[in-house]
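Residue numbers (our numbering), protein chains in the order written: chain A, 1 to 241; chain B, 1001 to 1241; chain C, 2001 to 2245; chain D, 3001 to 3245.
If a hint is listed, it holds; no wrong ones were tucked in.
Within a straight-line C-alpha distance of at most 30 Å, the following computed DSBU-like cross-link-like pairs (lysine-lysine) qualify:
#1 Lys184(A) / Lys3134(D)
#2 Lys1048(B) / Lys3004(D)
#3 Lys88(A) / Lys3230(D)
#4 Lys3073(D) / Lys88(A)
#5 Lys2160(C) / Lys1088(B)
#6 Lys88(A) / Lys3221(D)
#7 Lys2186(C) / Lys127(A)
Derived from the structure by calculation, the hints contain no laboratory data.
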Amino acid sequence: MNTLATSNQQSNRQTAQIGWNREQMAQRCAQDIEDGSYVNLGIGIPEKVAQYVPDGREVIYHTENGLLGMGNSPTADEHDPDLINAGKKAVTAIPGAAYFHHGDSFAMIRGNHIDVCVLGAMQVSAKGDLANWSTGAVDAIPAVGGAMDLVAGVKTIFIITQHTTKTGDAKILAECSFPLTGQKVVNRIYTDLCVIDVRPEGLMLIELAPGISFDYVQQRTGVTLQSAAHVTMNNLNEGQK
Amino acid sequence: MNTLATSNQQSNRQTAQIGWNREQMAQRCAQDIEDGSYVNLGIGIPEKVAQYVPDGREVIYHTENGLLGMGNSPTADEHDPDLINAGKKAVTAIPGAAYFHHGDSFAMIRGNHIDVCVLGAMQVSAKGDLANWSTGAVDAIPAVGGAMDLVAGVKTIFIITQHTTKTGDAKILAECSFPLTGQKVVNRIYTDLCVIDVRPEGLMLIELAPGISFDYVQQRTGVTLQSAAHVTMNNLNEGQK
Amino acid sequence: MIDKRVASCASAVANIKDGDTIMIGGFGEAGSPIELIHALIDHGAKNLTVVNNNTGSGRVGLAALIENGQVAKMICSYPRTANSLVFPELYRSGKIALELVPQGTLAERIRAGGAGIPAFFTKTSVGTPLADGKELRNFEGENYVMERGLKADFALIKAKQADRYGNLTFNKTARNFAPIMAMAAKNTLVQTNEMVELGAIDAENVITPGIFVNGIIEVSKPQQESQLVKDGVVYLPIKSQGAEK
Amino acid sequence: MIDKRVASCASAVANIKDGDTIMIGGFGEAGSPIELIHALIDHGAKNLTVVNNNTGSGRVGLAALIENGQVAKMICSYPRTANSLVFPELYRSGKIALELVPQGTLAERIRAGGAGIPAFFTKTSVGTPLADGKELRNFEGENYVMERGLKADFALIKAKQADRYGNLTFNKTARNFAPIMAMAAKNTLVQTNEMVELGAIDAENVITPGIFVNGIIEVSKPQQESQLVKDGVVYLPIKSQGAEK
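Using the sequences and the hints given, assemble the complete structure.
Here it is as structure tokens:
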């Protein structure tokens, strides 16, 4: 019993390590991006999605600061401070890329021309509302960037996020308490524990990370989840491609 | 007496030939286009203005179908059916020209970036209303082109027109009877007889063609004209430059 | 792999349906995608709403599409041009509808449609019959009219160069409406004088990025509308041509 | 003769007045016209409203302009960035105002200002605090918020090449806001890496036509903001620098 208790405690302490890691979350999301998609990736884990596009698919990356056909990070030789992404990191441009100004770039976004946008989240509601720009704290410097334009204009919005906050609070809720980025905009949520679809009838758990149960996810979620008839346990590789 | 009567009849028949001819009307207008102006010229007599820009002035011509820096008519060798002006005539592009799409072209117009537009007129009112796109006839095919955008967006609108219609009716009126192209848009009118400013207080005759009197102009005008203190008689050359 | 090339003009237009709205590039003959229009005539889709600055000339291209009875409504700024025969006759006999739009408002409505803007305000046409029935609004003492964004099911345009991603360049003033129509249409079909390798168009000089393009067909020696009109050519749909033999 | 070259950055900015609205190109350091901004610091105009996507970094360029107390209000989408020190402190102490605008709405408002559009509707920000107090309107069952066009007295931008007419090209993503700011400002001042002859920029590849440009100064070796920040440089106005000697 003593041994078991210790084992349980250890398991609790290791909660952050169970389920999918950051690489695997990105890899799982990448599986849902179709060949030929035009994709905008947010800062953080979403950026990693580009590394896991399955073989045989060609995906074109849009960065809202004026480039379609964003490539990998540059070598030292390729580095140009005038060639950056929306996170202000140095990038490259692939053959077949195009530069354009901010007006045209957000015409692509607002005009529903970008197929998929992958973003991080502070909170997501059962209706697909997203909060990812402000905690509403009085002394914070508000900063929104292109997030509101992206969620309003891009056809499909994927969210990649840890299932709970660092302190264990649920991020998937009946209603967001933080100021919204957009209303009814999220299509699918990829967490370290599972994949959840936002459907008109509510949140539908469609996939579990290996070793994770529905109840385990439900306990860490602020709203009642439904479960698809056949929830698969997707056993991704270790994040290598 | 008999001789005089004949002479008078002849003079009446020759009304169309007195005052400035079409070349001189264009030449007179060209004198008012400042060095460095961006200019859009309408179809017909306005097109001729480009031939009479005074020496030492550099003027850049805009054509609303997507070219800034329109040059002369092409030689047979230069002719390209993809390089035309708003009247669909073949043109050339000068060194320093720029091509752009229709959205950007009319952003230049609507956004008040073009300095001067020279247009023809069917009617002009004392308030500067312009009618130049439709007689309002029931069986006519209505066609407006870029005229409404030009009068709404260009800083200065010059009109070049015969002072009266072919049948002798006044074209400069208290109110236009034809459908308007724009309200309070005309700044100055160049006719075969005179130059008239549109001012808040009304129409001000500021210049007469050689041999033309104020009364002669007033008789052919549908609204009371005022006369500037010193009306000059501008004796242009014969239309050569 | 992304490869937007299609096998023929016929296959490019194959999915156009009766009742669709079609934007057609070109200002007069400059930029008119005449081979794609002729393929649409062969295709036969009817009851179309067509957006173009004009209504074509002679009896080829857009004029032939209208003459073939496929166009229920034109949205344009200048339906009268030299050698424009077909539209005036049908219009006078009440067989075709016309929505007359100032040229710059037409361009901005198309650009707005492509940029996700449902409506905007412009000074153009205020105080004229073309503002009748439209909402007026005063901003800082000036009156403006509200105009709506314009979208289409298909755009047919003509490019100078294209790569397999759909990046495009244009030739001189043949550019005109093509880039904004490519933005405003759900499906943009392009005939290009030349197909080039990816990267052959400098990324700085791409005029229409491939994201706005769905199908590309190379037509290396396009016909010239003015020449056809001069030669008295009458375009007849392939079926009719066949039937006549 | 049209020749928009000016003698120096100082003479370029000489007509900027207290209280003016200034659009400054750049997304982070890419496209930031740092020499023109430093000239504006030397010039000393106060009570400015500045439009830029960010608020600068370190204590050079836009951050130095803010630190020098010349900016009463920032209109931007993302005032927090790595190495952004100056703005947060002034904002928290209530010494600078902030109008926060979603990045795409900011871009479209600038484009609208330049294109003669006083207002337009967008879905962006509907249902969020940034739509508070703005007019909402339903088109075809979707809600949109009305946004106003944005103009400026001056724009300061950075180009790659310029000719004497003011035709411009840009380098890669340094293009960003520059072309639309050039449209929206009454006076557009350009620092260019290179002056070229008329015609050296192919008419097909001009990004900003000269009609939108008023003054050009060649700065062939511009300073790089990130390098200055790394080196701990603090830009002080020339008067202050003089006073310290």
